[in-house]
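Residue numbers (the working numbering), protein chains in the order written: chain A, 1 to 110; chain B, 111 to 226.
Because the hints were derived from the structure by calculation, they are not lab data. No residue lacks a Cβ here, since even glycine has one placed at the ideal position from N, Cα and C. Don't take each hint at face value.
[Claimed, not checked] Restricting the straight-line Cα-Cα distance to at most 27 Å, the calculated cross-link-like pairs of lysine-lysine (DSSO-like) are:
1) A:K2 / A:K109
2) A:K56 / A:K67
3) B:K188 / A:K42
4) B:K121 / B:K188
5) B:K121 / A:K42
6) A:K109 / A:K42
7) A:K42 / A:K56
8) B:K188 / A:K97
9) B:K172 / B:K121
10) B:K188 / B:K125
11) B:K125 / A:K97
12) A:K2 / A:K67
13) B:K181 / A:K97
14) B:K188 / B:K126
15) A:K56 / A:K2
16) A:K109 / A:K67
17) A:K2 / B:K172
18) A:K97 / B:K172
19) A:K70 / A:K97
20) A:K97 / A:K56
[Said to hold, decoys possible] Using C-beta positions, here's what the derived DEER-type ranges look like:
21) B:R119 / A:S82: 21 to 27 Å
22) A:S93 / B:A112: 28 to 34 Å
23) B:G207 / A:E3: 20 to 26 Å
24) A:A29 / B:R174: 29 to 35 Å
25) B:P128 / A:Y71: 40 to 46 Å
26) A:K67 / B:I122: 40 to 46 Å
27) B:T224 / A:G16: 25 to 31 Å
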Amino acid sequence: QKEVEQDPGPLSVPEGAIVSLNCTYSNSAFQYFMWYRQYSRKGPELLMYTYSSGNKEDGRFTAQVDKSSKYISLFIRDSQPSDSATYLCAMTSYGNKLVFGAGTILRVKS
Amino acid sequence: EAGVVQSPRYKIIEKKQPVAFWCNPISGHNTLYWYLQNLGQGPELLIRYENEEAVDDSQLPKDRFSAERLKGVDSTLKIQPAELGDSAVYLCASSLGSRVSEDTQYFGPGTRLTVL
Chain A
1 QKEVEQDPGP
11 LSVPEGAIVS
21 LNCTYSNSAF
31 QYFMWYRQYS
41 RKGPELLMYT
51 YSSGNKEDGR
61 FTAQVDKSSK
71 YISLFIRDSQ
81 PSDSATYLCA
91 MTSYGNKLVF
101 GAGTILRVKS
Chain B
111 EAGVVQSPRY
121 KIIEKKQPVA
131 FWCNPISGHN
141 TLYWYLQNLG
151 QGPELLIRYE
161 NEEAVDDSQL
171 PKDRFSAERL
181 KGVDSTLKIQ
191 PAELGDSAVY
201 LCASSLGSRV
211 SEDTQYFGPG
221 TRLTVL
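Isolated chain A (complex conformation) (with noise of 0.2 Å):
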């Protein structure tokens, strides 16, 4: 079993739709959670950065983990063409190598 596991998609949805984009882990150890975006031919960039448990906004992204239930969670707000690309989930404990999931492929309907 993969220590981080994120479900590949595709996930298709219309335009102005929410998105939700999630991922589960099996090491207790890991406090420090990502997302990352990567576009098709093109390296992943950070998305959203949280440490240990709770809420994160950034605009129209919210970023959510639930340590107890080793969950975490990405939503996408009005979602636009633009943001068709693969959601990669990422996570670490203090010190160690970041853990990615396989991601998830996101397409927004226009």
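Following the hints, put chain B in place on chain A, whose structure we already have.
Frame of chain A; chain B shown alone:
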């Protein structure tokens, strides 16, 4: 400001041939990472440098892979000899500081390797 630069962007080689990838990190970034990304998977760390020192190379297959970061700036990743299973995207990333859990990693566009 220029981002992380990688070259070549694409490389096609025959199996058993050597191949090298080059990375120039963002100016002033002390920490440099090489990742491997297989199709449909997330990046996996191969090696991490702090300045010239390789501080985490536990995931680097040392029988065929080697890396160097002379003068603590540019870095080269080499595979010799390449195998069919090495076909993947090789990503380079850099960060200003050395705190993996807190310092943002900036990724280059990657080198897509195809081994025939």
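Query raised in the report: Honestly, which of those hints from before does the structure not fit?
Result: The structure breaks hints 1, 11, 16, 27; every other hint is satisfied.
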